[in-house]
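**Q** Each chain, letter by letter, is given below.
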Amino acid sequence: MSHRFSRRNWLKGVAGISGAALAARAGLWPSVAQAQTVTERPALLVVFLNGGYNSVFASADSYAGAGTFGVSGSNQKNLGNGLVIDAPTLGTLPQFALDHMATVGVRHGLTSHEAAQEADFSDGRSHYAIQLAAAMGGDGAIKCVQVGNRAVPGPKPTEAGVSMQTITDMKTTVEALGGSTDGSAPKRNIAEKGMAASKFMSAQTLVTSPTMTKVLGEGYQAAVETLQKPVRPFDYAALATAYGMGATATAVNNFNSQIAAAELMITAGANVVVAVDGGWDTHGDRDGSSVRNMMNTRILPPLKTFVNRMMTDPERNVVVAIMGDFARSLPGSDHAAALSVTVMGKYVKVGTTGKMSANVQLPAGTPSVPGLWAYFTKILKVNQPIFGTNPHSGLVLT
Amino acid sequence: MTRAILSSVLVVGLFGCDAAIDQKGPADPTIVPLDLMRRGDTRVQTPEVALCDSGRKYVGFGGIELTADRRDVDLGFEKARVKPFSALQTEYPRVLGNTPGLLASAESTFGTTPARWFPAPQASAVSMYTAFRIAFQGCLTVTNTPAKYNVEATQETATAECSAWAKKFWSRPALGPEIEACASMILQDSAEETNLRRRWAYGCASVLTASDFMTF
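Chains as they are written, first to last, in numbering that gives the first Met the number 0: chain A, 0 to 397; chain B, 0 to 215.
Keep in mind the hints are simulated off the structure, nothing from the lab. Some clues are possibly wrong.
[What the hints assert, rightly or not] Straight-line distance between alpha carbons at most 27 Å, and here's what the computed DSS-like set of lysine-lysine pairs gives:
#1 A:Lys-348 with A:Lys-228
#2 B:Lys-166 with A:Lys-213
#3 B:Lys-147 with A:Lys-186
[To be verified] Computed far set for chain B versus chain A, every beta-carbon distance over 10 Å:
#4 Tyr-57
#5 Gly-61
#6 Leu-65
#7 Ala-86
#8 Lys-167
#9 Met-184
#10 Leu-195
#11 Ala-204
#12 Ser-210
[What the hints assert, rightly or not] According to the in silico footprint, chain B covers these stretches of chain A (three or more CB under 8 Å from chain B):
#13 122 to 135
#14 209 to 221
#15 242 to 252
#16 305 to 318
Glycine included, every Cβ here is placed at the ideal spot set by N, Cα and C.
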């Protein structure tokens, strides 16, 4: 049981870190995955509503019979092929999204926040978002991103050199990715060597505090790799204008700026971006008015901008997923044991595998979380079936 | 008398654990001490340590070992913590003697802390690069005036300055390979830089962005 001090392991760690630093200094850091061969650049944006995602949005007709969650005959929108969504909210998304939307069922059987949140992103050992970002390859310096300070659930071990990087300010991000016009700033290529030197000098700390300084070690390495990439010019003013932000408002501190940052990072080559929003543990919201209000005032305005700017780009294959811990149960909007995820993307076929029963349950046999990530893999056209076979094959446009 | 008994109890408590001691064997001759390691070497010798399971075990009803799933962590490990921005705000001025201008607008890059909460600080590519930029700006102020930074560095002068910076920034003496990495920044890695004061600043910034400053 005792975690014995092992010189051999310590040596391995120092050797690995020192070797990595030296390799980076020599420009020899290996490519993390094979490059994507398709011409469209794929990317996934996960909008995670911390607390829960009421299935009234993605499976509105489930509640029409009893009129629960405020569903009536007039506030449903039938998109065809069995998919009926909430008209006043998701129903107002741009037509491209409505034409490429599906509801994916996730029957995870979990009703506690901690267990459900972790299960949505992890099997306890690996993090699905990081795994997927690593498998997608590409040339982005930062491949897997958390936008904003709200933490993405689950343990986040590095996968094939890809770690989850947190973006909390767009100005400094643009400077790191696109270079700085400040003449006093360090030269990019020398700064890269400086960061590698700093990492080398940090070897002892990174080895002796591997858990507590994990993000630090990943940050050094990702910074070195970012500085090794050619600069990418960004028009931040245009981005800020599109999302209704001031040109000097660069902090990622609300959902609007999170989605703007998501566009920035996907433009910079990120494969998977996760935006976590809080306040969705909506106990007592029996008529769904609270979640509808939050959806319309906070989530959908920037998401509509994102859909119009990113999803309709013919050179991209951007997928957007809206999910949460679980759906909300009846009658009190408590914790259900399953989840109906909204997915939009170029290769999404309108339909549903996540139609809830009137008492917020999914049919037996509905896949669990890995099935959702296998579906993402399929519609992003990633060749490696890292999460197994896609069980939602009826929701894929070929 | 009482003091003697207490002292004995304390000694037994500290050193008298009865678990097996995992004494390390003789050093591998191919391994060299870290402080003799050259940059590029990956062979390191760690101090010999004797370890034993500390902490008392408890057997519950039914003979179940209640501490069976307890995770022991060895002494000296996992001590470092990434400094939050609130600490960096005063740490940069403390060790540099000046306040880099970039520091004032950097809080959101390092992650804002909600009132009444203390989340573990996160580090990322962007925050680490920003840390390097802040360090470089502060180091430029450090190297801006003294005449010694307006002359080309030699191995001796670079080594001396790197050692001094490490001691000041890290509160510990630097090891040979660490000094060598810093000196290399000044002597070789920044060779394309024509401004001598900036070359010194690159070395200074690399020391100031290392974990011994970024953690506590």
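**Q** Next step is simple, just say for each hint if it's right about the structure.
**A** Right, here's what the structure says about each hint:
1. A:Lys-348 with A:Lys-228: violated, 36 Å
2. B:Lys-166 with A:Lys-213: Answer holds: Lys-166 (chain B) to Lys-213 (chain A) is near 24 Å, not above 27 Å.
3. B:Lys-147 with A:Lys-186: This hinted pair holds, its Cα atoms lying about 22 Å apart.
4. Tyr-57: holds, 14 Å
5. Gly-61: Gly-61 (chain B) is indeed farther than 10 Å from all Cβ atoms of chain A, at 19 Å.
6. Leu-65: Leu-65 (chain B) clear of chain A: closest Cβ-Cβ about 13 Å, beyond 10 Å.
7. Ala-86: holds, 14 Å
8. Lys-167: The claim holds: Lys-167 (chain B) sits with its nearest Cβ about 14 Å from chain A, beyond 10 Å.
9. Met-184: The assertion about Met-184 (chain B) is violated, with a minimum of 5 Å to chain A.
10. Leu-195: holds, 14 Å
11. Ala-204: Non-interface label fails for Ala-204 (chain B): nearest chain A Cβ at 6 Å, not farther than 10 Å.
12. Ser-210: Its Cβ does come within 10 Å of chain A, the nearest being 3 Å, so this is violated.
13. 122 to 135: violated (count 0)
14. 209 to 221: Held - the segment 209 to 221 of chain A has 10 residues with a Cβ nearer than 8 Å to chain B, which meets the minimum of three.
15. 242 to 252: Check passed, 4 qualifying residues.
16. 305 to 318: violated (count 0)
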